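**Q** Quick note, the sequences are listed as chains A and B, same order.
Each residue of the first sequence is one higher than the one before, starting from 1 at the first, in our numbering.
Each residue of the second sequence is one higher than the one before, starting from 1 at the first, in our numbering.
Hints are supplied without guarantee of correctness; some may be wrong.
Note that the list lumps identical chains together, so a pair holds whenever it fits in one copy or between two copies.
Simulated crosslink set (SDA-like; lysine to any residue; CA at most 25 Å straight-line) [stated by the list, open to error]:
no. : residue 1 : residue 2
1   : K344      : L440
2   : K203      : T22
3   : K413      : V277
4   : K300      : A70
These are computed hints drawn from the structure, not numbers from a lab.
Quantities reported herein were computed from a predicted structural model and do not represent experimental measurements.
Residue-level listing of the chains:
2 protein chains.
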Amino acid sequence: MDENLSLLEQIKELLEKKSFLTLKRTLQSLNPADIAEIIHELPQEERVVLFRLLRKDVAIEVFEFMEFEAQQAFLLTFPEAKVRELIEEMEPDDRTELLEELPAKVTKRLLLLLSPQEKEATAILLGYQENSAGRMMTPKFMDLKENVTVSQALNRIRKIGLKKETSYYCYVIDEQRTLKGVVSLRDMVTADPDECISNIMFKEVISVNTDDDQEEVASVMQKYNFIALPVVDREKRLVGIITVDDIVDVVQEEATEDIYKMGAVGVIEEGYFRSNVLSVAAKRVMWLLILLVVNTITIKVVAGYEEMLASFVVLTAFMPLLIDSGGNIGSQSSTVVIRSLALKEIESSDVLWVVLRESFTGLILGTMKGLLSFLWSWWLVKDIAIAFTVGMSLVIISTLATTTGTLLPFFFKAIKVDPALTSSPFITTIVDVVGIIVYLGIAAYILL
Amino acid sequence: MDENLSLLEQIKELLEKKSFLTLKRTLQSLNPADIAEIIHELPQEERVVLFRLLRKDVAIEVFEFMEFEAQQAFLLTFPEAKVRELIEEMEPDDRTELLEELPAKVTKRLLLLLSPQEKEATAILLGYQENSAGRMMTPKFMDLKENVTVSQALNRIRKIGLKKETSYYCYVIDEQRTLKGVVSLRDMVTADPDECISNIMFKEVISVNTDDDQEEVASVMQKYNFIALPVVDREKRLVGIITVDDIVDVVQEEATEDIYKMGAVGVIEEGYFRSNVLSVAAKRVMWLLILLVVNTITIKVVAGYEEMLASFVVLTAFMPLLIDSGGNIGSQSSTVVIRSLALKEIESSDVLWVVLRESFTGLILGTMKGLLSFLWSWWLVKDIAIAFTVGMSLVIISTLATTTGTLLPFFFKAIKVDPALTSSPFITTIVDVVGIIVYLGIAAYILL
């Protein structure tokens, strides 16, 4: 970062002094991802100046690395010819991503600028469902016919010269474009040039379907440690490939989604800075409303014990402790269960085993806490009956809370709702109602 | 999965009938990752039988894909010669991972079985800190001298014939093994065979240091969309490479760690099934003890208002609602801030901006909720003073809770503690104490 900062200052100075030749030379030694980062730090006019200094092929790579807002601003600033050049030359998967974020009107206009061939390819990609393999794939891959020789194949690679990430594996297809095998560039380089491709290819190709979800794609890629994965349509015809660098983003995206769901924040797709305060508030208020309704039960329960609470006000003093303990211990269980389900460390069929395990953990924790709280509250209020009520309630609440926190994610999964939605606010609310009923019930039994 | 299940049954049947030839043929068509999955489903004796049927090179790949426990069991079952063969042929990075999980005694014994060369390489890898680039890297990569020609380079690749993931990029070094450039296999295949490597290599190589943390490595790899990254020592000498498939695991691991910290679960490194109930309970109990101590304040505050609470028992009825609201709204803020800090969407320097933004969100949410609760509790208890107390408290508690939930992760970061530790139980506890003080204070002001 520090290195980039001083570099940024150098570039700003060069821009100010209009030393474009030196600037051009400086830019040549940089990686497109770094140039994109520098562009983000500049005001719009200087961005354009800098961008125009880039070599055409580098410019397109830089554009691909830029953030959506910066890309959009460029598309609005540049003349039509430059815009056409940019989007025509982008990698198809990056282009799809850009076009799906733009307003439908702009997307339509941009599609018209593309060559018929690129237009068709893009329209097909945009036709697949969001987060599906079809949307993620790039139709630019190296395909080979079964009967070509290694040297013919290598010649074809030399002639077409695809982008780096797409040519380490070549996919072998038959006349119907059905996927038959895969052969690595390394195997071709080390094989006899006259050997037929179908003799050196690996025939049991693992592939995904165009409508498979990105999470499914990521888990296949992770399982086999692949760097690229072919995508086939329902007729098993090869239509694209997905490369591993996109998978890293998927894994991160899915984790963020789960974290936000578990925090009951609602999914913020645009990133923190880009989301608007009111829409964030709207996403969070839902849970709070549910809470309000459920708490009506708590209020009714407390009202029912009004007399007891008036004579033993000290009971009130322990309510926050009991409520917090239950909520915390319950969300600890649900956190573990949700994540383990997401990582496929546990399956739906493990429910009994996991519930027993977590309830047992809850019982142990509850007993430890109950004993401590008993001693501590006895010392605090010098009333053994109250102290016993508090301790006993903690044991029961902890056990019930872990059981609830464990069962709910499984239940959500069974009814095909994302278990991550069993967020801590949700668990807290349910466990609270139960906790208050248990606590006041035990108190009434012991004290009255 | 379904396909694998029926396959598993077929294989079990073949094992039972001892049709080893058919079994061998079936296994030949499978991917090592799938064979490893099948092995995990079999009892130990059948695992060994199946494993012995595999071709030697496939067997080693399968072994690399196996889970740690299964690997360990094999190492204990097999005769020394077989064990030597297995660990000698494993990829160095996979071997390091296995050796660091084994008891130190076993690791020492296994190291002795290795050839002097492999032993040294492994000892070096084991010498780097856990989770550092040095531990993750493999020393098996393709290096080239600056002055060789493309055809000499390709011949060297043909001769050495490295494993697939390590040979798509060749790293160019000088006499001192200093990293000078990188050249892709694709560029070599498409270049003139008589061209000198130093003319076609990319000179501004991005690399990481042996003691860089794995999180840092992952973020460099993600930024540049690389499939491999060279690792250099302090003298800039090339010592290894890290491939992108390991990065996918790092990203997932780090997300899990954050989720568990945020849920105050404590980090479960071994995966859910492998961790033991008592150690899990011990990890979670710490928070609950802190909670107990902090709650002493709440109890003291409530005791201070004993008279008021005895005359207005209905005040007690709203305590769970206020406590829950504050805790939930506060942990929503901390969830967003923690994740955005982890993804580098916000920086420490953004603290003022983010706090203002979140406090404002809290104020909006609080006002909405306060108004609703005012109307709802007025209808419920028919007492406008009580209803006003509840509504007013909700506005203040919500604003304070979002502010606390936002400030704490930044504060933790400033004192170099992982912000993910500002878990919801922690926020809940702090916000509770504040909430009770605000609520009873307002009540005393209005009612008394």
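**Q** Could you check the structure against the hints above and give me the numbers of any it violates, in ascending order?
**A** 1 and 4
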